[in-house]
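**Q** Now for the letters of each chain:
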Amino acid sequence: MRRRELLVAMTGLAGCGREPRRRLNVFNWSSYVAKDTIPGFERESGVEVRYSIYESNEEMLAKVFGGNSGWDVVFPSSHLIGPMRENGLLAPLQHRWLDQLGNLEDRFQSPPWDRNLEWCVPYMWGSTGILYNKKLQPPPLSWADLWDERLRGKLTMLDDPTDAIGAGLQKLGLPLNSVDPEQLEQAKLELIHQKRLVRAYLNAEARDQMVSGDVVAAQMWATTAQQGMEASRELAFAFPKEGFALYADCGVVLRESKSVQTAHDFLNYLTRSAVGCAVAVEGKTATANAKARMLLPEANRNNEVLYPPASVLARGVWVEALPADGQRKRDRIWTEIKSD
Amino acid sequence: MNMKRALPVIAALVFTFLHLPLVVLMMFSLNESRFTVWEGISLRWYRELFADARMMEATWNSLLIAAVATIAATVIGTGCAYGLWKRRAPLLSGSLYLSLVTPEIVTGVSTLAFYQFLFRYMDFRLGMHTVILAHVAFSVAFVVVVVKARLKTVDGSLEEAAMDLGATHWGAFWRVTLPALAPGMAAAALLAFTISFDDYVITSLVAGVDTETLPMVIYAMARRGVNPAVNAISALIVAGLGIFILLAERLQES
Amino acid sequence: MRALRFWMLAPTRALMGGLFLAPLLIIAAYSFLTRGTYGGQGAPWTVENYTRLADSLYTVILARSFWIAGLSTLFCLLLAFPLALFIAQSGRRKNLYLHLVMLPFWTSFLVRTYAWMFLLRDTGLVNTVLQWTGVISEPLPLLYNEAAVVLGLVYGYLPFMVLPIFSVLDRLDKALLEAASDLGATPWKSVWLVTIPLSMPGIVGGCVLVFIPCLGAYLTPDLLGGGKSIMIGNLVQSQFTSARDWPFGSAISLVLMALVMLVMWVLQRRQKEDLL
Chain A
1 MRRRELLVAM TGLAGCGREP RRRLNVFNWS SYVAKDTIPG FERESGVEVR
51 YSIYESNEEM LAKVFGGNSG WDVVFPSSHL IGPMRENGLL APLQHRWLDQ
101 LGNLEDRFQS PPWDRNLEWC VPYMWGSTGI LYNKKLQPPP LSWADLWDER
151 LRGKLTMLDD PTDAIGAGLQ KLGLPLNSVD PEQLEQAKLE LIHQKRLVRA
201 YLNAEARDQM VSGDVVAAQM WATTAQQGME ASRELAFAFP KEGFALYADC
251 GVVLRESKSV QTAHDFLNYL TRSAVGCAVA VEGKTATANA KARMLLPEAN
301 RNNEVLYPPA SVLARGVWVE ALPADGQRKR DRIWTEIKSD
Chain B
1 MNMKRALPVI AALVFTFLHL PLVVLMMFSL NESRFTVWEG ISLRWYRELF
51 ADARMMEATW NSLLIAAVAT IAATVIGTGC AYGLWKRRAP LLSGSLYLSL
101 VTPEIVTGVS TLAFYQFLFR YMDFRLGMHT VILAHVAFSV AFVVVVVKAR
151 LKTVDGSLEE AAMDLGATHW GAFWRVTLPA LAPGMAAAAL LAFTISFDDY
201 VITSLVAGVD TETLPMVIYA MARRGVNPAV NAISALIVAG LGIFILLAER
251 LQES
Chain C
1 MRALRFWMLA PTRALMGGLF LAPLLIIAAY SFLTRGTYGG QGAPWTVENY
51 TRLADSLYTV ILARSFWIAG LSTLFCLLLA FPLALFIAQS GRRKNLYLHL
101 VMLPFWTSFL VRTYAWMFLL RDTGLVNTVL QWTGVISEPL PLLYNEAAVV
151 LGLVYGYLPF MVLPIFSVLD RLDKALLEAA SDLGATPWKS VWLVTIPLSM
201 PGIVGGCVLV FIPCLGAYLT PDLLGGGKSI MIGNLVQSQF TSARDWPFGS
251 AISLVLMALV MLVMWVLQRR QKEDLL
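Residue numbers (this note's numbering), protein chains in the order written: chain A, 1 to 340; chain B, 1 to 254; chain C, 1 to 276.
Please keep in mind that the hints were generated in silico from the structure rather than gathered at the bench.
Do not take every clue at face value.
On the chain C side, residues computed to face chain B include the following (Cβ under 7 Å) [as the list claims (entries may be wrong)]:
| hint | residue |
| --- | --- |
| 1 | Leu15 |
| 2 | Leu21 |
| 3 | Ala22 |
| 4 | Phe66 |
| 5 | Trp67 |
| 6 | Phe86 |
| 7 | Thr107 |
| 8 | Leu110 |
| 9 | Tyr218 |
| 10 | Gln237 |
| 11 | Val260 |
Straight-line C-alpha distance at most 20 Å; calculated SDA-like pairs for lysine to any residue [unchecked claim]:
| hint | chain 1 | residue 1 | chain 2 | residue 2 |
| --- | --- | --- | --- | --- |
| 12 | C | Lys94 | B | Leu13 |
| 13 | A | Lys258 | A | Lys35 |
| 14 | C | Lys94 | B | Ile245 |
| 15 | A | Lys329 | C | Arg52 |
| 16 | A | Lys329 | C | Gly42 |
| 17 | B | Lys86 | B | Ala182 |
| 18 | A | Lys135 | A | Lys258 |
| 19 | A | Lys195 | C | Leu57 |
| 20 | A | Lys195 | C | Glu146 |
| 21 | B | Lys4 | C | Gly42 |
| 22 | A | Lys35 | A | Ser45 |
Selected chain C positions facing chain B (Cβ under 10 Å, derived; list incomplete) [what the hints assert, rightly or not]:
| hint | residue |
| --- | --- |
| 23 | Leu158 |
| 24 | Met257 |
| 25 | Val266 |
Glycine included, C-beta positions come from ideal geometry on N, C-alpha and C.
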């Protein structure tokens, strides 16, 4: 049995060598921290932070759903807060450890998905629209334009059922959050029809491909689009005429976390105006933090892609958590579209 | 068409097909520009690579996992091959064979499901140990195949002779059979190492928070599109593994 | 004698039992359960996951997987046979050529797949060269389609086809070929009428070694197919990750395993004894 012992000892050794410092495991979207954000927190708190990124809600949820992923803090989009709570994945927030909450914008102090911020801390918000290459004339300004034959092979859609199916629904003039089986079927047919034109279903990855010119039109989140536009002058962003999805990525503490207070400290740290400002400047993201926004340089504060004017914002629709069977229907349709 | 002339040409074409992509990749890893326009030789991407902490950590993880898994799989697999040498064990052979033909994705998801099932009753989670265990599990069959092939060339009666002369069974194994097996074990270890180092499908499913491996990083970067750093790391892997193989072969032959 | 053998086999038995068979049993069980609202699995027990596979949506994917695997195997054979023949006839340089064939195989599969992404992109080398030499004016969409997947699979598994065929050709009795030419056959004819039939075991062995992994391929269709040429392997993966439908994914996995074992049984009944 020496072999077995050797094996166990080896794997033990492999796990060894980690500092006895407290650890915090944070799983977040890409570009949601600035260079000094994590080191700053580590210096202040003496906690070692493991920070990893994901590109889609599905990717994050798949890891977290089992209840033992090892993550302490994740950032789901607002419509997933309700379902995650119902599945017992979230730890309730202790406001006594979150004194910076007052920095948030008023509408985020009491958002529709979590009236008293018992479960989440809104972090960054944004919308989904169309990132396109200015070479395309006339420019695609509505979802319907993404079904145009001229885009064949050079179009990407988001690898996210909420956004892709949403675009299909809105193209048909149907509500973004519809769970009506017939409406969903129609949207599904639209998307399957569009699939022939689609190069691939990509999230933030498409931004790099738009910059390099491989892709000329992409369904894209506004903040990621803004980053693309900074890298290439040929790109522009449009808020589709039929309407568009609004979402907010919120920080939550997972129930499985063994470092609940440290997790709160981290969220609190992110909600400080100076920290929030640094992140928003470097990542070019739209912060939910009003005080941070006030500290932003002029160009960022009034950037119309990140903070669209009221007239445009009026066309935006918050993505909602859906009832159980509606969600199942959507997940089923998404599989059907992807595997067609 | 004269076959004597056609065959070498066809063979040359196939060899080109086999090697050209990798050669091109390695060439462009030295390209200054990030696009396919040649802009002069530069080590820029290699420098960026070494400066990337995530990449370095992933490389370290991959090496560690591969090393531990290789040692474990080689030891366990050699024992198994020895046990199967002179007598059959149909159930065991059957499951080893099955593990060889099972598609990686099925092995991966079933291992994940198994771990998640265990997690409900035991308090641990995905991490280095789960990855290493999974790697050992899928490598063992390969080790058994290679060592068994080597065992075929070993004379079984030598061991019996040793025991007739007073050695214990274990002693006979340790001093007679094992040395004869050594080259086979080395080949098996090499195979297990490359399989483990290169694995993406299974590792990506059972990796934990701390265990990002090199293939996982490469995959993430490849999905994003243009990235010459991937060329650089690919060239390093090709060169590294290539040298490793050649060295191992030299050792085996000597 | 017995005791040593017992302990030699015990670790492997534990490993196979615990980390291979038990997991398969678990997903077999899951395949009969129902998916929870957002994921997970639980009662009621049902065969719905299997009957769902009869849906044309999935039979198309199954058919496509067989098609792509079959095509890849065919192209592999067409490329590998001449190469194996050449190596078998090359006298002293045999070992060198064998090394040259195996060398790419030893390097990372992921890297080799990525190499083709690099070459086939719109702004990749192939398109750049073609445009530069004026053969085409617009980049060709070489990537993210079925052809690219087949290319990637052929490239990845070619050595698996070369080696079995070579090992049979190598042991072929040269006297038979001499006899054929003495009887007036041209070199091509003797290959067709003598060599190929005699090397059937190697050909079949190579085909099996290529077809099986291609059927269960995951990485190649994912990276080179752009997630659009979905094969069974991709379907399984998506059910276990983004779709969070583990029962359905388990059912598909078992069906895939059954298919693999069927192919093995039909083509290679004796292989197991040879290997293990």
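**Q** Does each hint hold? Answer for all of them.
**A** Verification of the hints:
no.	hint	verdict
1	Leu15	holds (6 Å)
2	Leu21	holds (6 Å)
3	Ala22	holds (6 Å)
4	Phe66	violated (14 Å)
5	Trp67	violated (17 Å)
6	Phe86	holds (4 Å)
7	Thr107	holds (4 Å)
8	Leu110	holds (5 Å)
9	Tyr218	holds (5 Å)
10	Gln237	holds (6 Å)
11	Val260	holds (6 Å)
12	C:Lys94 / B:Leu13	holds (17 Å)
13	A:Lys258 / A:Lys35	violated (26 Å)
14	C:Lys94 / B:Ile245	holds (18 Å)
15	A:Lys329 / C:Arg52	holds (14 Å)
16	A:Lys329 / C:Gly42	holds (18 Å)
17	B:Lys86 / B:Ala182	holds (19 Å)
18	A:Lys135 / A:Lys258	violated (52 Å)
19	A:Lys195 / C:Leu57	holds (15 Å)
20	A:Lys195 / C:Glu146	holds (14 Å)
21	B:Lys4 / C:Gly42	violated (66 Å)
22	A:Lys35 / A:Ser45	holds (17 Å)
23	Leu158	holds (7 Å)
24	Met257	holds (6 Å)
25	Val266	violated (13 Å)
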